[in-house]
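**Student:** These are the residues of each chain, in order.
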Amino acid sequence: MLFKVFKKTSYTRKLYFLLIPYTLGVLLLVIFPGILSFTLAFFRYDALSSPLWVGNLNFILAYTDELFLLSVQNSISLVLLPVPIRVLGAFLMARLMQKKGPFLNWLRASIFLPSIIPAPAYALAWLWILNPLFGPVNIILHALRLALPGWFANPNWAKPALIFMSLWQIGEGFLISLAALSDMPEELEDAAYIDGASSGKMFWLITLPIMFPMLLLLSFRDIILSLQESLTTILLTTNGGPYYSTYILPLFIYEQGFDLLSFGIASAAMWSLYILSGLIIFVLYSLFGKEGISITDETFLS
Amino acid sequence: MKLSFRKLSLRFILRIFFAALFLIPLVWIMMASLRPQGTPLSASFGFTDGISLQNFSRMWNLVPMGKYTWNSLLVVGLALPLTLITSSWAGFSISQLSLRSQRRWVLLSLAVLMVPSIALWSSRFILYKALGWHNTIWALIAPAWMGTSPFYILMFYRAFKRIPSEIYASARLDGAGVLTIWWQIALPLVRPTAIGVGILSFIVYWGDFISPLLYLQSEEKYTLAIALQLLEQMGRSDWSLLMSAALYMSAIPIILFLFVQPFLNTSD
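Keeping their order, the protein sequence lines are chains A and B. Just so we're aligned: 232 in the working numbering is position 232 of the first sequence, and the numbers increase by one with no gaps anywhere. Position in the second sequence (first residue = 1) + 1000 = the working numbering.
It is possible that some hints are incorrect.
Stated by the list, open to error - Under the rule of at most 25 angstroms between Cα atoms (straight-line distance), these lysine to any residue pairs were calculated in the SDA-like manner: (1) B:Lys1129 / A:Phe258; (2) B:Lys1067 / B:Leu1213; (3) B:Lys1129 / A:Ser262; (4) A:Lys99 / A:Lys14; (5) B:Lys1221 / A:Ala119; (6) A:Lys99 / A:Phe258; (7) A:Lys14 / B:Pro1164; (8) A:Lys14 / B:Gly1175; (9) A:Lys201 / A:Leu225; (10) A:Lys290 / A:Ile206.
Said to hold, decoys possible - Over the 10 angstroms line for every Cβ pair with chain B, so calculated as not near, a few chain A residues: (11) Phe17; (12) Phe43; (13) Ser49; (14) Ile60; (15) Leu69; (16) Leu80; (17) Ile85; (18) Ile117; (19) Trp126; (20) Leu141; (21) Leu146; (22) Ile163; (23) Glu172; (24) Thr233; (25) Phe288; (26) Lys290.
Claimed, not checked - Pair ranges (Cβ atoms, derived): (27) A:Asp259 / B:Thr1136: 40 to 46 angstroms; (28) B:Phe1017 / A:Phe203: 27 to 33 angstroms; (29) B:Ile1013 / A:Ala143: 21 to 27 angstroms; (30) A:Tyr16 / B:Gln1054: 57 to 63 angstroms; (31) B:Gln1037 / A:Val283: 25 to 31 angstroms; (32) B:Gln1233 / A:Pro155: 24 to 30 angstroms; (33) A:Leu141 / B:Ile1016: 22 to 28 angstroms; (34) A:Pro84 / B:Thr1136: 53 to 59 angstroms; (35) A:Pro155 / B:Pro1164: 51 to 57 angstroms; (36) A:Lys201 / B:Leu1074: 48 to 54 angstroms; (37) A:Leu141 / B:Phe1125: 45 to 51 angstroms; (38) A:Leu260 / B:Gln1054: 56 to 62 angstroms; (39) B:Leu1214 / A:Gly292: 27 to 33 angstroms.
It is worth saying that the hints were derived from the structure and are not from the lab. Yeah, the Cβ is synthetic: ideal placement off N, Cα and C, and Gly gets one too.
Use the sequences and the hints to build the structure in full.
**Tutor:** Below, the structure written as structure tokens:
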């Protein structure tokens, strides 16, 4: 019966059929649960007694909390610096490892490997690698007679340490860039090569512009990931310290919700996290849109 | 395309350099896993305290690693094909809509992507309880119904969009339906992206330690990520044991990656 209906409908209608699992899944698993947690911002709720309407009190309580403002600042600085390095680094690595060569499969695999290591294991390994006294990094710096950073033990060095360890996990961006580069028709580069363009010129004038929408998408993904998922790493390494130097917004939410059971304040802070990521992405989206670059771009082929 | 030998070798040296640089964390985990039990953090690089494979047998004795490995494989085995189907369907479909609808779906996907996962932890718990998925494997693979992450839909969308629309048009003239075009024409053309999404979602479900922690109660349903947590709770300072478990847990995705990554290339 259902199959017969499917057979009779037009092609465009059928296209919408393919969107059903995604739409239903998003509604059920993200939008409904999301609405549920986001409305808690207007209630006093501790998971023990029933919710009590308090208007915008939770927002006032959150915004007057010094730790909240600090966590927003920390979150922003842990996004602005690493994201461009990570996205560009992933792309350049993919470019370096694109063409055939000896041991290429193994060399590509080694770039990707750090991203496969489970988060708890990865965090523990870096706690050791960046150990101020016994870690290999500081032993090498000592041998070179350079200043020895305190890394996770020093409030000025904890953020650079987190950024440093995130630079090894660019496997996702690397893989996507690699796929995008090999999806690109080879004739295009060959044509430019025959026309006498140098490989450097070719990269800047042809390859990079074609890759811009993909790089933009990667940046959005990385901004959102750095804003949210960094929570796991921080819980396993610094736990917000030393002296709140790595105390980020998701950690504030986590502590309010799961330690202090103030789900209302946690939810108010979630609003700010959502608005913050939306704001950063909106600014980028319109900035690049002005230059004619967007994710929905018609590419050279269509 | 011809390249001079000098240029080729310079590129090769650069490749070796970066590959070695990226291997550092894994090499460190390997070295640490081979240290005998109880040896403290050491300032020396070599194996001055000796090498020991004991940690691996200790790990199997402390937690039922075999069972947890099977559970993890089961989760991935169900979630991965489901993710590939739903995310490529959605991406395929969006890429052929009108430009205005495309923009709408992309913005919607970005908006969904921005929802902090921490916001969904407790409300999904309530949802799974209501659906009877709590403490079942379905709670772990539920996100696969929506393609795991809107990001994968956007990846497929970008890839499918590069296919010239004439190809679809001529297939339709030959009487091919939506599903035939998707499976026989479009999907083979975006193989690198499909393999990429496959690897990424493998890692997501393999390494996920939040969902089993929140939604599972019975110990016999635990996954490998939880095994690592259990070992950590037994003793956080037992570095060599933890690193052995970390190495074991990373080994399967690493082998998989080595196996499928030659297929990431369509050109050259």
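**Student:** Now, for every hint given, state plainly whether the structure supports it.
**Tutor:** Taking the hints in turn, this is what the structure says about them:
1. B:Lys1129 / A:Phe258: Between Lys1129 of chain B and Phe258 of chain A the Cα gap is close to 19 angstroms, so the pair holds against 25 angstroms.
2. B:Lys1067 / B:Leu1213: holds (17 angstroms)
3. B:Lys1129 / A:Ser262: Roughly 23 angstroms separates the two Cα atoms, so the pair holds.
4. A:Lys99 / A:Lys14: violated (39 angstroms)
5. B:Lys1221 / A:Ala119: holds (21 angstroms)
6. A:Lys99 / A:Phe258: violated (49 angstroms)
7. A:Lys14 / B:Pro1164: holds (20 angstroms)
8. A:Lys14 / B:Gly1175: The given pair, whose Cα atoms are some 14 angstroms apart, holds under the 25 angstroms limit.
9. A:Lys201 / A:Leu225: Distance of about 33 angstroms is beyond 25 angstroms: violated.
10. A:Lys290 / A:Ile206: Answer holds: Lys290 of chain A to Ile206 of chain A is near 20 angstroms, not above 25 angstroms.
11. Phe17: violated (7 angstroms)
12. Phe43: The claim stands: Phe43 of chain A keeps its Cβ more than 10 angstroms from every Cβ of chain B (closest is about 14 angstroms).
13. Ser49: holds (16 angstroms)
14. Ile60: Fine: 20 angstroms to the nearest Cβ keeps Ile60 of chain A off the interface.
15. Leu69: Its Cβ never comes within 10 angstroms of chain B, the nearest being 18 angstroms, so this holds.
16. Leu80: holds (17 angstroms)
17. Ile85: holds (14 angstroms)
18. Ile117: violated (5 angstroms)
19. Trp126: Nearest chain B Cβ is 7 angstroms from Trp126 of chain A, so the label is violated.
20. Leu141: holds (13 angstroms)
21. Leu146: holds (17 angstroms)
22. Ile163: Since the minimum Cβ distance to chain B is about 15 angstroms, Ile163 of chain A lies beyond 10 angstroms and the statement holds.
23. Glu172: violated (6 angstroms)
24. Thr233: holds (13 angstroms)
25. Phe288: About 13 angstroms separates Phe288 of chain A from the closest Cβ of chain B, which puts it past 10 angstroms; holds.
26. Lys290: holds (16 angstroms)
27. A:Asp259 / B:Thr1136: 40 to 46 angstroms: violated (29 angstroms)
28. B:Phe1017 / A:Phe203: 27 to 33 angstroms: At 20 angstroms between Cβs, range violated.
29. B:Ile1013 / A:Ala143: 21 to 27 angstroms: holds (24 angstroms)
30. A:Tyr16 / B:Gln1054: 57 to 63 angstroms: The hinted range 57 to 63 angstroms holds for Tyr16 of chain A and Gln1054 of chain B, with Cβ atoms some 59 angstroms apart.
31. B:Gln1037 / A:Val283: 25 to 31 angstroms: violated (52 angstroms)
32. B:Gln1233 / A:Pro155: 24 to 30 angstroms: holds (29 angstroms)
33. A:Leu141 / B:Ile1016: 22 to 28 angstroms: holds (24 angstroms)
34. A:Pro84 / B:Thr1136: 53 to 59 angstroms: violated (42 angstroms)
35. A:Pro155 / B:Pro1164: 51 to 57 angstroms: This hint holds: roughly 55 angstroms between Cβ atoms.
36. A:Lys201 / B:Leu1074: 48 to 54 angstroms: This hint holds: roughly 52 angstroms between Cβ atoms.
37. A:Leu141 / B:Phe1125: 45 to 51 angstroms: holds (46 angstroms)
38. A:Leu260 / B:Gln1054: 56 to 62 angstroms: Distance hint for Leu260 of chain A, Gln1054 of chain B is violated at roughly 43 angstroms.
39. B:Leu1214 / A:Gly292: 27 to 33 angstroms: Given about 44 angstroms between the Cβ atoms, the range is violated.
Going down the numbered hints, you'll see the structure goes against 4, 6, 9, 11, 18, 19, 23, 27, 28, 31, 34, 38, 39, while the others check out.
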